[in-house]
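Novice: Below, each chain spelled out in residue letters.
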Amino acid sequence: DGGITQSPKYLFRKEGQNVTLSCEQNLNHDAMYWYRQDPGQGLRLIYYSQIVNDFQKGDIAEGYSVSREKKESFPLTVTSAQKNPTAFYLCASSPAHLQPQHFGDGTRLSIL
Amino acid sequence: KQEVTQIPAALSVPEGENLVLNCSFTDSAIYNLQWFRQDPGKGLTSLLLIQSSQREQTSGRLNASLDKSSGRSTLYIAASQPGDSATYLCAVLRTGNQFYFGTGTSLTVIP
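Each protein sequence line maps, in turn, to chains W and B.
For what it's worth, this note's numbering labels the leading residue of the first sequence as 1, then goes sequentially.
For what it's worth, this note's numbering labels the leading residue of the second sequence as 113, then goes sequentially.
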C-alpha cells in the first residue's frame, strides 16, 4: 500500500538537544510538507519542498531545519534554537506543489 | 495572509441528526478548499475537495458547499453516526501560495 510513514510516533527531547523526525513516502510525490499542530490552533507550515534538493521556509521555520536528498524522504530536525518544540508534527505529500495533500499519522514531540 | 475560522469549536449531537459545520476565510482569491477529518492522535484524511469554480461536492453522506464571494464553506453531514466523531478541519489553498488551515470543529455523535 502506498502511503506516508512518520517515525517515531512519540519522541522526547532533552533541553539543548537536536532531534530528527522521519518522514518517508512511497507515493512518488514530488512535493512534501511539514506542519506543526498545537491545541486550539490550525496546522502551521514549517517547511516545504517542491522537488529534490530544494526546500522553502513556511510561516514558522525558525528553529527547524530540513533536507531533501531523496524524493521519498523529507526529515525534519528540531534544533535547540526552537524554544517551544512540544507539539504534534505532521508530514504531508502531494503529486506536485499545491495539489491535494496526503498526510502521515504524525509524531508527538515532548520535552523532558 | 489568509485567516481561516471554524465555528463552533466543538459540537455534540445525537445519532441520526443532520448537522452543518462552518468554515470562513478572509481572502476570496482561493484556488480550492479542502475538508479533512482527523481522529485523535492521527493524521488528516481528505474528505472533499472543492475547486474555486465549483459550488459544491458530494461524497456519500457528506456535502460541502463553497461561496467564494462571502468567504464561506459548509460541510453537511447527513444522518450522523457515532463513527463520525472526530475533528473536522478545512484548508484553503490561496492562489499561487500555500494551504491555510482552520482550527477545526470537534464533533461528538452520541449513540
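It is worth saying that the hints were derived from the structure and are not from the lab.
No residue lacks a Cβ here, since even glycine has one placed at the ideal position from N, Cα and C.
Treat the hints loosely; a few may be bogus.
A partial selection of chain W residues facing chain B, derived with a Cβ cut-off under 7 Å [unchecked claim]:
1) Gly42
2) Thr86
3) Pro100
4) Gly106
5) Ile111
6) Leu112
Heads up, simulated DSS-like pairs for lysine-lysine below, C-alpha to C-alpha not over 30 Å straight-line [said to hold, decoys possible]:
7) B:Lys154 <-> W:Lys9
8) W:Lys57 <-> B:Lys113
9) W:Lys70 <-> B:Lys154
10) W:Lys83 <-> B:Lys113
11) W:Lys9 <-> W:Lys70
12) W:Lys83 <-> B:Lys154
13) W:Lys14 <-> B:Lys180
14) W:Lys57 <-> B:Lys180
Novice: All hints, please: hold or fail.
Specialist: Verification of the supplied hints:
no.: 1; hint: Gly42; verdict: holds, 4 Å
no.: 2; hint: Thr86; verdict: violated, 15 Å
no.: 3; hint: Pro100; verdict: holds, 5 Å
no.: 4; hint: Gly106; verdict: holds, 5 Å
no.: 5; hint: Ile111; verdict: violated, 18 Å
no.: 6; hint: Leu112; verdict: violated, 20 Å
no.: 7; hint: B:Lys154 <-> W:Lys9; verdict: holds, 10 Å
no.: 8; hint: W:Lys57 <-> B:Lys113; verdict: holds, 15 Å
no.: 9; hint: W:Lys70 <-> B:Lys154; verdict: holds, 25 Å
no.: 10; hint: W:Lys83 <-> B:Lys113; verdict: holds, 25 Å
no.: 11; hint: W:Lys9 <-> W:Lys70; verdict: holds, 22 Å
no.: 12; hint: W:Lys83 <-> B:Lys154; verdict: holds, 25 Å
no.: 13; hint: W:Lys14 <-> B:Lys180; verdict: violated, 46 Å
no.: 14; hint: W:Lys57 <-> B:Lys180; verdict: holds, 28 Å
Figure legend: structure checked against the earlier numbered hints; hints not met, in rising order: 2, 5, 6, 13.
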